[in-house]
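Participant: Residues per chain, in single letters:
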Amino acid sequence: MSLQFDCDGAARRDFLRLGLLGLGGLSLPGFLSAQKKGADKSFIFVWLAGGAPHMDMYDMKPDAPADIRGDFKPVSTRVAGIQVCELMPKTALVADKLCILRSVTSVDLGSHERSSRYLQTGVLPVPNMDFASFGSVYVKEKASRGALPPYVGVLKPVERGWGGGFLGAHHDPFMAGDPSEKNWRVRDLVPPPGVTLERVARRQEILKEFNDAWRRADSETKIASYGPSVEQAYSMIYSKEVFDAFDIQREPEKVRDAYGRTPVGQGLLLARRLVEKGVKAVSLWMGGWDTHANNFTSLKEKLLPPLDQGFGALIEDLAQRGLLENTLVVQAGEFGRTPKVNKNAGRDHWPKAFSVALAGGGIRGGQIIGSTDRNAAEVTSDPITVEDLSATIFTALGVDLHRVNHTPEGRPIAIVNGGTAVAKAFS
Amino acid sequence: MRPILELLLAVSLPVAAADPAAYVLPKRWSFANHIAPVLTFAGCNQSVCHGSPVGKNGFKLSLFGYEPEVDYAALVTAVPGRRVNVGNIDESLILRKPTLTLEHGGGLRFRKDSREYRLFRGWIEAGAPFGHPEAPRLTRLDVAPPYRVLRAKARAIPMKVTAVYSDGSREDVSGMAVYSSNDDSVLKVSPRGVVTAAGATGDAGIMIRYAGKFAAAVYGASLLPLPARFPAAPANVVDREVYAKLRELGIVPAEVCSDSEFIRRLHLDLLGVLPEPADVRRFLASTARDKRAQLVEETLARPEYADLQTLLWADRLRSDSRFHRVGGVRSYFKWLREQFAANRPLDQIARALLTASGQNFANGEANYWGNYDKISTPIETAIQTGQVFLGVRIGCAQCHNHPFEKWTQDDFYSLAAVFSQVVEFSTKNAQEFDLRLEPNRAVLHPVSKKAAIPRYFGGEPIDIEPGLDRRVPFADWLTSKDNSYFARAMANVVWRNLMARGLVQPVDDMRDTNPPTHPALLDALARELSAHNFDQKHLIRLIVNSRTYQHSSRVNETNRLDFKYYARSYPKRMMAEVYMDAIARITGVSDRFKDWPEARRAAQLPDNRYPSYFLDVFERSNRLVICDREESVTISQALHFVNGPEVQGKMTHPEGRLTGWVYSARTDGEIIEEIFLSAYARRPAPSEKDRLLTRVAKIPDRREILEDIVWGIVNSKEFVFNH
Numbered sequence: 038m039s040l041q042f043d044c045d046g047a048a049r050r051d052f053l054r055l056g057l058l059g060l061g062g063l064s065l066p067g068f069l070s071a072q073k074k075g076a077d078k079s080f081i082f083v084w085l086a087g088g089a090p091h092m093d094m095y096d097m098k099p100d101a102p103a104d105i106r107g108d109f110k111p112v113s114t115r116v117a118g119i120q121v122c123e124l125m126p127k128t129a130l131v132a133d134k135l136c137i138l139r140s141v142t143s144v145d146l147g148s149h150e151r152s153s154r155y156l157q158t159g160v161l162p163v164p165n166m167d168f169a170s171f172g173s174v175y176v177k178e179k180a181s182r183g184a185l186p187p188y189v190g191v192l193k194p195v196e197r198g199w200g201g202g203f204l205g206a207h208h209d210p211f212m213a214g215d216p217s218e219k220n221w222r223v224r225d226l227v228p229p230p231g232v233t234l235e236r237v238a239r240r241q242e243i244l245k246e247f248n249d250a251w252r253r254a255d256s257e258t259k260i261a262s263y264g265p266s267v268e269q270a271y272s273m274i275y276s277k278e279v280f281d282a283f284d285i286q287r288e289p290e291k292v293r294d295a296y297g298r299t300p301v302g303q304g305l306l307l308a309r310r311l312v313e314k315g316v317k318a319v320s321l322w323m324g325g326w327d328t329h330a331n332n333f334t335s336l337k338e339k340l341l342p343p344l345d346q347g348f349g350a351l352i353e354d355l356a357q358r359g360l361l362e363n364t365l366v367v368q369a370g371e372f373g374r375t376p377k378v379n380k381n382a383g384r385d386h387w388p389k390a391f392s393v394a395l396a397g398g399g400i401r402g403g404q405i406i407g408s409t410d411r412n413a414a415e416v417t418s419d420p421i422t423v424e425d426l427s428a429t430i431f432t433a434l435g436v437d438l439h440r441v442n443h444t445p446e447g448r449p450i451a452i453v454n455g456g457t458a459v460a461k462a463f464s
Numbered sequence: 010m011r012p013i014l015e016l017l018l019a020v021s022l023p024v025a026a027a028d029p030a031a032y033v034l035p036k037r038w039s040f041a042n043h044i045a046p047v048l049t050f051a052g053c054n055q056s057v058c059h060g061s062p063v064g065k066n067g068f069k070l071s072l073f074g075y076e077p078e079v080d081y082a083a084l085v086t087a088v089p090g091r092r093v094n095v096g097n098i099d100e101s102l103i104l105r106k107p108t109l110t111l112e113h114g115g116g117l118r119f120r121k122d123s124r125e126y127r128l129f130r131g132w133i134e135a136g137a138p139f140g141h142p143e144a145p146r147l148t149r150l151d152v153a154p155p156y157r158v159l160r161a162k163a164r165a166i167p168m169k170v171t172a173v174y175s176d177g178s179r180e181d182v183s184g185m186a187v188y189s190s191n192d193d194s195v196l197k198v199s200p201r202g203v204v205t206a207a208g209a210t211g212d213a214g215i216m217i218r219y220a221g222k223f224a225a226a227v228y229g230a231s232l233l234p235l236p237a238r239f240p241a242a243p244a245n246v247v248d249r250e251v252y253a254k255l256r257e258l259g260i261v262p263a264e265v266c267s268d269s270e271f272i273r274r275l276h277l278d279l280l281g282v283l284p285e286p287a288d289v290r291r292f293l294a295s296t297a298r299d300k301r302a303q304l305v306e307e308t309l310a311r312p313e314y315a316d317l318q319t320l321l322w323a324d325r326l327r328s329d330s331r332f333h334r335v336g337g338v339r340s341y342f343k344w345l346r347e348q349f350a351a352n353r354p355l356d357q358i359a360r361a362l363l364t365a366s367g368q369n370f371a372n373g374e375a376n377y378w379g380n381y382d383k384i385s386t387p388i389e390t391a392i393q394t395g396q397v398f399l400g401v402r403i404g405c406a407q408c409h410n411h412p413f414e415k416w417t418q419d420d421f422y423s424l425a426a427v428f429s430q431v432v433e434f435s436t437k438n439a440q441e442f443d444l445r446l447e448p449n450r451a452v453l454h455p456v457s458k459k460a461a462i463p464r465y466f467g468g469e470p471i472d473i474e475p476g477l478d479r480r481v482p483f484a485d486w487l488t489s490k491d492n493s494y495f496a497r498a499m500a501n502v503v504w505r506n507l508m509a510r511g512l513v514q515p516v517d518d519m520r521d522t523n524p525p526t527h528p529a530l531l532d533a534l535a536r537e538l539s540a541h542n543f544d545q546k547h548l549i550r551l552i553v554n555s556r557t558y559q560h561s562s563r564v565n566e567t568n569r570l571d572f573k574y575y576a577r578s579y580p581k582r583m584m585a586e587v588y589m590d591a592i593a594r595i596t597g598v599s600d601r602f603k604d605w606p607e608a609r610r611a612a613q614l615p616d617n618r619y620p621s622y623f624l625d626v627f628e629r630s631n632r633l634v635i636c637d638r639e640e641s642v643t644i645s646q647a648l649h650f651v652n653g654p655e656v657q658g659k660m661t662h663p664e665g666r667l668t669g670w671v672y673s674a675r676t677d678g679e680i681i682e683e684i685f686l687s688a689y690a691r692r693p694a695p696s697e698k699d700r701l702l703t704r705v706a707k708i709p710d711r712r713e714i715l716e717d718i719v720w721g722i723v724n725s726k727e728f729v730f731n732h
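Top to bottom, those sequences are chains A and B.
Take 38 as the starting number for the first sequence in my numbering and just add one per residue.
Take 10 as the starting number for the second sequence in my numbering and just add one per residue.
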């Protein structure tokens, strides 16, 4: 398995070893009141690590000069007036379910690390603490039921910002790994070779005897957390429900093919499966988007085909299964890329203007919000700050925007710092 | 831990002050003295409301009212006639919104018949003046009474807050100050400043805010009866101070831990390795009166001491193979280890790091200045130096005056300016950095846009010949015998590493509003360090020879809920690297680290990003922020305990210890005793041994059942925790 780097030298953390795992038509206030009666939402966060080139995907500028518009052409989608890159045909087919934000605007924070933290948490990063990712904030609000972990991570994160931060490690996503790998299984759900389930049970008994004989300071969180976590682990190990939920082999081959036999394809399929089984939040991180060199070759050969296929399949699949209305899907990266192509046929970082795609969870599909100038360089209408995006996400998920969480030292942290939800996204 | 700030949310009001009709309005209005405090009292300038970095609904106030000029402008001049309307007073939004005459996102803040309303209205009637420029300014708040302990629920402490002004005048502002308890399970404080015991035992801080200033007071509460008998404290300053506090709070300390617990704990705390069975047998059998003190000496002399200190310091210094690259972390580790192997005084270590120069692959200490294979900015260095050497989280003051401490944005930039001369010269090797000085380089203060004046932290400007390295006098100042920051910061970290909790917690967050649990003890430890040449081993020796360090972790009725006063030993989770090494030690199968031949144990691994799921899942430090390692047990860890391949692999290894035992002539009883001594530093109790032997007898595959027993042991709480 190769390591992937972005231009800051980030290497993916090696989590994986081979183991034996539309509300149509409501105004925002109307939407919010409908929220209260509706079912619990789920959240799928598709993260394009490195920063995706917006003008080569969702915000094409065919009339710009050649050294800005790049190599690709736009194509029409099933929605009149919406065009996307010609290399995204499956995304084009589900355009009626997408709300494309073309006017997202961030600030230059100088590094992938800081921008990734910003866009995954909605809060400007500070040096001495980590804020919580959208998914972590969300699952903290929800009581978790059953043996399935409430928040699951698929593939590997590249930069910080993906976890529970100051909320604590128990709000981190449970890492599932890469379901496209041969014989993939979620790690540690299954005993190592030579250890039968009978032995697992015997070991559990032995462990219990040792632990029962040793009683110290059970009031301490660190000791107190041991028991429930071990219990949850065993319930996951013995739970057919959990095993099945992660058992992607149970999906028909046709479906697996439709998503594409790639990490992102199978990862998105797993996300759909988990959400269907009751997991409340799934984050998937796809690396490789930091195309400072050979932007067009990378997009054409490595990045767009698997994403387009997987994402298009995901949206279609969710819609067909009646899950889309209660599942918010967000596709975003930490920033966009420079309009002017550089001398290595690449694009560099561009936080000033970029695109984010939303679907489901009450978002009205088939629309574009906001616009950029002829070079995709500056936002020209409906600017959406990162805080606005955050407010939009939490609104769709039904989380009170005034919610305040506390660090262990008692410092209050608002989940949204002054953003306003984009009303048009819901109407 | 409870919120320091009491959030006054939509429907809860500050209690109305004394009868408003009886309140006499000021004759000479001063916005800063009369109106600004109301903005705080009514909760307008909280960080989640108008005090947020972006304000709320276009109305932005300074956080907690630090900048009355800014607040005055926002209220009066920013949008004339809107928030304050002198011509049509009742149209003023400041009167309509907080009283809910108009819709207000923050809800009802005060009623029309309240003193706050009358103050605002009276001030607007007087023309909403800022006040006479010569009007006296608030210089400080005095708080009474001094420390005392509440011993009954019916008792109360009414606090008195006196505002002291620049002209010497004093005013009782008890009724208008904002009070909050930093632990309301111990002490509750009413909006009027009356402190009562909430039930839990301990000390708690009360923070008082008024007109942009704050003060703190500490009181205790103990509803426990004073113990009839209390063990006498041996003559060691640690025990004297700890026991005095325990006696005062009525908490009975635990007994002294067993010899087994002591040798295991000491080894893990000082060396990061488990004691060998032979050493344990010898120690348990010894009848020497001072055997524990002797064990301390022997342990401090062992080479693994330097390894563990290197790991602990590498965490705090954030040695990171991504920032410093392989060459950098290798040199950093090598340099750090040399310092601790030689027991180099801490002040010399600090000085070497702070005044380093040259290329970081060759000069380990230069790595202090590195970030993303280039030099850290002065801002980053200021934050790091603050936390590591001053024990202060100055980072908050980068953007605004620190909310709970006297540090201002000026203080922050003056600290950053000390480090602004350090720049990078490019090297042939793109991954290495080379730090040199550009003596005239400055840091711009973001507001004045002028060069910030470099100062000794909280003190005088650094006045040296132009062209000289400012870091040198700064390092001199930092490590001088009467510097109040360095010795305390170092002592606090050493204490925390041994005792699981700093006397100030978090360890690098020292401020008036976060006082030490044992102020006199912290001072005493700091003095021990500075009087003994900053010899870390000396301080460690002092602490581990105390009865306090040697408390058992068993709880009794009164110390059950003690988490701060050291009435018992607080268990610590084994660090990921130490846990990995412990498993290797017990199973007799070492780990190998590709590309790192110098690392024979995980604790010796310079590369914090060496790919290892085990180390990741057990929370080795990510070193991207300076913070304590997470100690809760997560589901992924628990799954890894149960099904992880490492333990299984090592137990079945053909050259492992278990294999050796199974094919040896040892009896099952001998094997079990050996495992217990390795893992727990004790022999099994007869009942334990019998129970296990019964199991072994029942299972035909002897190897299998022994594996299951070892598995159980290395995953048990008694093993995983350092207790």
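No wet-lab data here; the hints were simulated from the structure.
Treat the hints loosely; a few may be bogus.
Said to hold, decoys possible - In silico BS3-like cross-links for lysine-lysine, where the CA-CA straight-line distance does not exceed 25 Å:
(1) K197(B) - K162(B)
(2) K383(B) - K343(B)
(3) K698(B) - K245(A)
(4) K389(A) - K300(B)
(5) K245(A) - K277(A)
(6) K277(A) - K98(A)
(7) K245(A) - K707(B)
(8) K300(B) - K69(B)
(9) K339(A) - K127(A)
(10) K222(B) - K415(B)
(11) K437(B) - K380(A)
(12) K458(B) - K69(B)
(13) K277(A) - K179(A)
(14) K461(A) - K65(B)
(15) K546(B) - K343(B)
Participant: Just to be careful, I want the Cα atoms of K546(B) and K343(B) compared with a cutoff of 25 Å; is the pair within it?
Facilitator: holds (20 Å)
Participant: Need the status of pair K197(B), K162(B): alpha-carbon distance at most 25 Å?
Facilitator: It holds: about 11 Å lies between the C-alpha atoms, which stays within 25 Å.
Participant: Given the hint that K300(B) pairs with K69(B), test it: the Cα-Cα distance must not exceed 25 Å.
Facilitator: Violated - the C-alpha atoms of K69(B) and K300(B) are around 65 Å apart, more than 25 Å.
Participant: Given the hinted pair K277(A) and K179(A), is their Cα-Cα distance within 25 Å?
Facilitator: Distance ~23 Å between K277(A) and K179(A) Cα, so the pair holds.
Participant: Against the 25 Å threshold, does the CA-CA distance of K222(B) and K415(B) hold or violate the hint?
Facilitator: Given pair K222(B), K415(B) holds - Cα atoms ~9 Å apart, limit 25 Å.
Participant: Check the hint pairing K277(A) with K98(A) against an upper bound of 25 Å on the C-alpha distance.
Facilitator: Violated, at about 51 Å.
Participant: Given the proposed pairing of K383(B) with K343(B), does the C-alpha separation stay at or below 25 Å?
Facilitator: holds (20 Å)
Participant: So if I understand the rule, the pair passes when the alpha-carbon distance is 25 Å or less; does K437(B) with K380(A) pass?
Facilitator: Since the Cα atoms of K437(B) and K380(A) sit roughly 24 Å apart, the hinted pair holds (cutoff 25 Å).
Participant: Is the hinted pair K458(B) and K69(B) satisfied, with a Cα-Cα distance of at most 25 Å?
Facilitator: Given that 25 Å is the threshold and the Cα spacing comes to 22 Å, the pair holds.
Participant: Would the hint linking K389(A) and K300(B) be met if the CA-CA limit is 25 Å?
Facilitator: violated (68 Å)
Participant: Decide if the proposed pair is consistent with the structure: K245(A) and K277(A), CA atoms, cutoff 25 Å inclusive.
Facilitator: Answer holds: K245(A) to K277(A) is near 23 Å, not above 25 Å.
Participant: Given the hinted pair K461(A) and K65(B), is their Cα-Cα distance within 25 Å?
Facilitator: The hint holds at about 22 Å.
In summary, the numbered hints that this structure violates are 4, 6, 8.
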